[in-house]
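**Q** Work out the full structure: start from the sequences and follow the hints.
Read off the chains here:
2 protein chains.
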Amino acid sequence: MEGAVSTVHSPGRKLTLKFGLSADGQPTYQLQFGSKTVVQPSRLGLLLQNQPGLDQDFTIARLDSSQHDDTWAPVWGEVKSIRNHYKELAATLTQEAKGDQKARRLVVRFRLYDDGLGFRYEFPAQPGLTYFTVQDERTEFNLPADHKAFWIPGDYDSNEYAYVTSRLSEVDTAPIEVIQQKAAPHTVQTPLMLKSDDGLYVNIHEAALVNYPAIMLNVDTKGFGLSSQLVPDATGAKAYLQAPEHTPWRTIVVADNAPAVLASKLILNLNEPTTLTETSWIKPQKFVGVWWEMHVNKAGWNYADTSNIKLAGTDWTKLKPTGRHGANTANVKRYIDFAARHGLQSVLVEGWNVGWEDWAGNWKEEVFDFVTPYPDFNVTELQQYAASKGVKLMMHHETSSAVTNYERRQEEALRFMKQHGYDAVKTGYVGRIIPRGEHHDGQWMVNHYNRTAANMARQQIVVDMHEAVRPTGLHRTYPNWLASEAARGNEFNAWSSGNPPEHETILPFTRLMGGPMDYTPGIFQIQLESWNPGWNKGRQVHTTLTKQLALYVTLYSPLQMAADLPEAYNQHLDAFQFIKDVPVDWDDTRILLAEPGEFITTARKAKGKDEWYLGSITDENAREQTVKLDFLTPGVQYQATIYADAADASWDDNPMAYQIRRQPVDRNTVLPLKLAAGGGTAVSIKPVSK
Amino acid sequence: MEGAVSTVHSPGRKLTLKFGLSADGQPTYQLQFGSKTVVQPSRLGLLLQNQPGLDQDFTIARLDSSQHDDTWAPVWGEVKSIRNHYKELAATLTQEAKGDQKARRLVVRFRLYDDGLGFRYEFPAQPGLTYFTVQDERTEFNLPADHKAFWIPGDYDSNEYAYVTSRLSEVDTAPIEVIQQKAAPHTVQTPLMLKSDDGLYVNIHEAALVNYPAIMLNVDTKGFGLSSQLVPDATGAKAYLQAPEHTPWRTIVVADNAPAVLASKLILNLNEPTTLTETSWIKPQKFVGVWWEMHVNKAGWNYADTSNIKLAGTDWTKLKPTGRHGANTANVKRYIDFAARHGLQSVLVEGWNVGWEDWAGNWKEEVFDFVTPYPDFNVTELQQYAASKGVKLMMHHETSSAVTNYERRQEEALRFMKQHGYDAVKTGYVGRIIPRGEHHDGQWMVNHYNRTAANMARQQIVVDMHEAVRPTGLHRTYPNWLASEAARGNEFNAWSSGNPPEHETILPFTRLMGGPMDYTPGIFQIQLESWNPGWNKGRQVHTTLTKQLALYVTLYSPLQMAADLPEAYNQHLDAFQFIKDVPVDWDDTRILLAEPGEFITTARKAKGKDEWYLGSITDENAREQTVKLDFLTPGVQYQATIYADAADASWDDNPMAYQIRRQPVDRNTVLPLKLAAGGGTAVSIKPVSK
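These protein sequence lines map, in sequence, to chains Y and D.
Start counting the first sequence at 5; every next residue gets the next number (this note's numbering).
Start counting the second sequence at 5; every next residue gets the next number (this note's numbering).
If you're looking for bench data, these hints aren't it; they were derived computationally from the structure.
A few of these clues could be false.
[Said to hold, decoys possible] 30 angstroms max Cα-Cα, derived DSSO-like pairs, lysine-lysine:
{"#": "1", "chain 1": "D", "residue 1": "678", "chain 2": "D", "residue 2": "613"}
{"#": "2", "chain 1": "D", "residue 1": "324", "chain 2": "Y", "residue 2": "106"}
{"#": "3", "chain 1": "D", "residue 1": "314", "chain 2": "Y", "residue 2": "102"}
{"#": "4", "chain 1": "Y", "residue 1": "324", "chain 2": "D", "residue 2": "106"}
{"#": "5", "chain 1": "Y", "residue 1": "22", "chain 2": "Y", "residue 2": "40"}
{"#": "6", "chain 1": "D", "residue 1": "102", "chain 2": "Y", "residue 2": "314"}
**A** Quick look at the structure:
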């Protein structure tokens with residue numbers, strides 16, 4: 005690279021970073037993987053409102069190199085300990101005073117790992133820069149060729165798109181149906197997964213998104229450069245900052261094989277450790293919920309039918325019930341019974357509180373109050389009933405994106421939760437944000453999510469955020485933030501064209517790079533029409549039944565729903581055994597086979613136990629795989645229970661045909677897996693007691 | 005009026021309203037005062053987003069006429085009972101269904117009083133109109149001639165302008181220095197005071213501003229029409245409404261003499277009665293405060309000097325004090341002592357809480373937390389000290405317009421207040437609003453102020469809002485909302501070109517039409533330089549000393565500050581006696597003489613006592629007046645104490661020269677008043693004890 009003044013090699017010398025300034029003082033970086041170019045020389049910097057940019061006219065004041073190597077234990081996770089091993093370069097850049105503008109300093113900090121690069125901008129406290137507004141970020145990722153990309157359209161308010169696989173040159177979001185508010189036609193979201201023709205797997209995202217908007221990427225379809233598109237606020241500005249401050253980390257995970265991308269802990273490593281000292285109250289968990297029955301239109305969230313209701317002044321007992329309100333006391337007890345019988349920890353209930361009659365689509369501020377139950381939902385009775393069964397109820401706070409309303413009521417809502425025995429909450433942000441003009445992925449909302457996680461932690465409440473900004477590893481900092489949705493979940497199969505069979509093979513390479521997803525797997529009644537004849541005609545989940553089981557392993561989350569109805573599970577209690585068995589916290593993880601858009605086979609070791617669970621999924625193509633079980637403990641005999649597609653199964657033709665077989669295995673076993681089209685296999689491996 | 009279908013006369017037939025539809029179904033109204041035209045035929049209606057306007061294609065479905073006459077007692081006020089006597093016309097207008105658009109109904113409700121007209125739009129619940137967004141209001145006030153107008157520029161965020169007196173044809177706000185965000189060059193604010201060449205006094209404003217933006221008026225400088233300019237939200241929309249709903253009342257107060265305008269209770273009558281049943285905790289009051297000493301730069305709000313501080317993580321005890329922090333325990337005790345000695349109810353303390361170091365101008369969200377005192381302000385010690393002296397401390401919540409921050413902390417802030425014995429709060433909204441893009445006078449903020457008043461009422465807290473939207477009589481509904489600023493207060497004399505001597509003669513005709521103002525009168529040390537030599541060189545309050553006294557009567561408020569410093573009052577305890585004596589709640593009020601921009605003489609009878617207080621003020625011109633005391637009780641002898649300008653006094657030359665004389669008076673007395681240029685006279689009239 006012309007003008008390169010500093011070269012850094014990753015600890016194992018797999019990656020090489022070059023950093024320097026161009027002739028006019030623009031900071032520039034470049035990244036190599038061995039002899040292969042990951043990122044060609046690319047600009048760095050920021051443009052500010054009402055003052056000169058922090059993107060050129062720099063000189064290098066100092067370069068600080070260091071290295072770091074330690075190991076830390078997450079509160080929960082895919083592995084029990086994580087090594088954080090990097091070389092660091094901190095470049096302090098200065099601009100001279102000019103006119104009224106005092107001299108300014110900017111630090112670009114790089115952390116180079118063997119599996120990728122993170123870098124961020126830091127704004128030290130200084131007379132020339134106190135309060136400032138970021139108008140745009142100049143960060144570029146100039147790719148060397150027309151890579152294959154797995155992308156979703158840039159949308160300032162939603163990640164709930166099916167992925168498109170195309171060359172960079174073919175990126176065009178225009179034909180795609182908008183979910184909320186699309187950015188320009190060549191803007192895509194992160195995590196962006198890329199594969200080069202010369203065999204590199206590259207993932208671009210960010211870590212530790214705090215007090216800053218999410219980044220999206222503008223694709224130059226001719227030159228294959230990616231430039232930054234920060235999500236704007238209501239006035240068009242991007243971020244209001246006060247020095248000392250820094251941006252999130254820009255992350256580039258790189259490997260020459262796909263499993264290594266999934267195994268990367270770079271994003272977690274770049275997040276701050278939690279400040280919580282007591283974390284025993286944070287419990288990974290499985291749950292059922294009064295939820296899917298609404299998605300398949302067997303029941304409703306709403307208690308009455310009206311398209312015009314006001315939160316204040318309505319006497320809910322006077323409304324005429326629809327007779328199909330899901331969150332009624334008797335129905336919730338049914339779920340509590342089911343959870344208790346099968347050892348699931350908690351029961352989510354959506355639609356328990358007043359306001360669902362016309363909650364969405366009206367950009368209305370006073371929709372929910374988070375504390376008033378419908379007349380047929382008895383809070384105290386259910387609190388006592390759940391407690392008597394050893395089951396927890398999970399609170400639901402749908403905000404309808406009226407976030408100002410939620411914020412002013414949040415303290416009372418959390419108090420209500422604690423009074424009634426709730427210590428987990430699913431939040432939701434459907435619709436357009438209030439403050440009007442703000443976006444789900446803008447700085448103001450990013451601060452809201454993080455503040456909410458912190459508020460919840462103070463009350464020892466765990467949280468699962470839906471329709472929030474996509475994660476960036478902040479669950480390291482906020483371990484009570486168990487999961488988010490922030491992608492196209494299983495629910496889309498219920499009422500849209502659905503998720504194509506490849507969908508779940510892409511998610512771990514994209515959305516899940518930032519953190520756990522509440523995907524809500526475990527749908528057994530694949531054909532949905534049966535729940536409500538005449539509704540969802542011909543609609544189905546686009547997988548086989550056993551692929552739904554395998555997702556509990558391939559889609560990592562400390563919070564996993566058994567999303568189907570008790571009556572669906574009662575038809576297949578043999579297969580449900582896997583959901584009962586599968587843990588939600590792990591000591592170890594092995595990505596055995598993976599290729600984005602095609603297949604993933606993952607094995608994980610249960611937390612504190614010598615049990616392994618394996619999930620293997622495929623896209624629309626049937627596959628045969630063999631997996632070596634050489635991760636098992638030497639000298640130990642295990643029994644594997646294999647939940648596999650039946651020989652004649654396929655996602656579109658015969659999705660619910662499965663077979664369960666048991667076989668003894670040990671570390672020398674090679675297990676053949678036969679996956680139907682759109683299918684999957686789940687395996688539990690438990691030691692044979694002596 | 006062409007097409008007039010309905011004519012209404014006011015109860016005493018002073019005013020005549022005509023209402024009808026134009027040929028293309030546009031609702032239109034017209035207003036006469038006897039034979040004089042107040043408003044020429046003018047359009048009514050609204051434009052909506054994404055659906056046809058509610059401004060034409062109407063037919064009249066029904067016209068309902070009624071009359072109303074009753075009398076009610078305000079919790080506090082200028083008079084002890086108020087008659088509400090009007091003729092009402094409710095016109096139900098319908099539009100036929102067209103294409104996808106169902107038929108719609110709109111009600112225009114008129115209330116015609118002898119002293120003016122109120123009308124509003126009502127949106128009944130109906131299938132064709134549930135949720136809707138107002139894009140613009142079509143309401144017009146077509147004036148018949150080029151009236152003299154007393155106006156301030158349209159500004160979506162501030163009313164803190166000096167008034168301009170000009171013909172309508174001369175309205176041009178462009179040359180005026182902006183305070184926050186000016187609207188178009190011919191847009192002015194309400195209350196707009198007008199005087200016609202044929203002797204009509206007309207005041208245009210609104211009543212009961214709830215869930216709607218404030219209205220401003222676009223002046224057609226050629227045709228003298230006024231059209232509506234609603235304050236927009238961040239997206240440019242004006243109001244998000246849900247039927248059933250209605251707009252605020254548009255008000256036109258009309259009289260053939262100026263005192264009658266000031267005496268009008270039309271705006272209060274158009275507001276809803278309070279729902280509070282227990283109001284004994286609502287106490288009109290006088291207060292002193294650690295406040296003016298900051299305005300004259302004798303002390304500071306801030307504890308330390310820095311232009312860069314963060315609320316979170318700062319250890320305030322580690323900062324280096326400036327040594328001139330006003331809100332220190334010892335200084336506050338000095339004010340408590342002074343209040344106790346002179347029977348003033350409370351002591352405001354600004355700058356008591358952390359965050360003032362760089363609180364303004366940075367559009368920063370986390371500025372104040374409303375609960376953390378500076379290290380030199382001992383909350384508990386002052387709570388006990390004030391209690392021991394029988395004085396209340398008044399809380400101060402400056403939000404720096406980070407309203408989201410205030411809302412999420414308000415519950416805790418009120419809890420803190422109650423824990424520490426505060427039951428009154430002054431709020432402030434300096435700077436640009438967060439949510440960014442919203443305005444002080446837009447619907448979202450209007451809802452915030454009203455919600456805040458309601459929240460305070462639930463906690464039995466009275467509130468005084470600064471930099472809030474100008475009042476519209478809502479103190480009838482929220483009697484704990486004692487006062488607002490929302491105009492150019494006395495403080496401007498401390499650090500700007502100041503308020504011209506005419507200013508206080510215009511305020512009652514404009515800003516005060518909507519409700520009480522915390523103007524902070526009572527500055528005795530007229531020359532300000534003396535507080536901090538070298539600061540405010542040559543600056544002064546633009547009145548005489550005794551005009552400051554008269555303001556306690558001419559500027560009605562149940563909350564009146566004795567705004568100057570104790571050491572200033574201690575120099576003039578004889579004059580201070582009037583401030584000690586003057587009540588803040590009244591049984592009766594007589595506007596004896598008034599002309600906007602020139603003079604006002606008002607007499608008020610103390611609540612529950614046979615004592616009268618008279619205030620008389622003039623603009624920059626010296627005046628001699630005589631006032632008949634024929635309002636005094638027959639057969640009762642009184643002693644008047646007259647606080648008058650000295651013979652050689654004038655606001656600019658000799659402002660602090662006054663004389664106090666006493667004389668016996670009764671209802672036959674004619675009192676000569678001699679007002680200096682920019683001067684005033686205050687009189688207390690107490691019965692002579694037998």
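**Q** Confirm or reject each hint.
**A** Outcome of the hint check:
1. D:678 / D:613: Holds. Residue 678 (chain D) to residue 613 (chain D) sits at ~27 angstroms (cutoff 30 angstroms).
2. D:324 / Y:106: Given pair residue 324 (chain D), residue 106 (chain Y) holds - Cα atoms ~25 angstroms apart, limit 30 angstroms.
3. D:314 / Y:102: Holds, at about 28 angstroms.
4. Y:324 / D:106: Measuring from Cα to Cα gives roughly 25 angstroms; hence the hint holds.
5. Y:22 / Y:40: 14 angstroms, holds
6. D:102 / Y:314: Judged against 30 angstroms, a Cα distance of about 28 angstroms means the pair holds.
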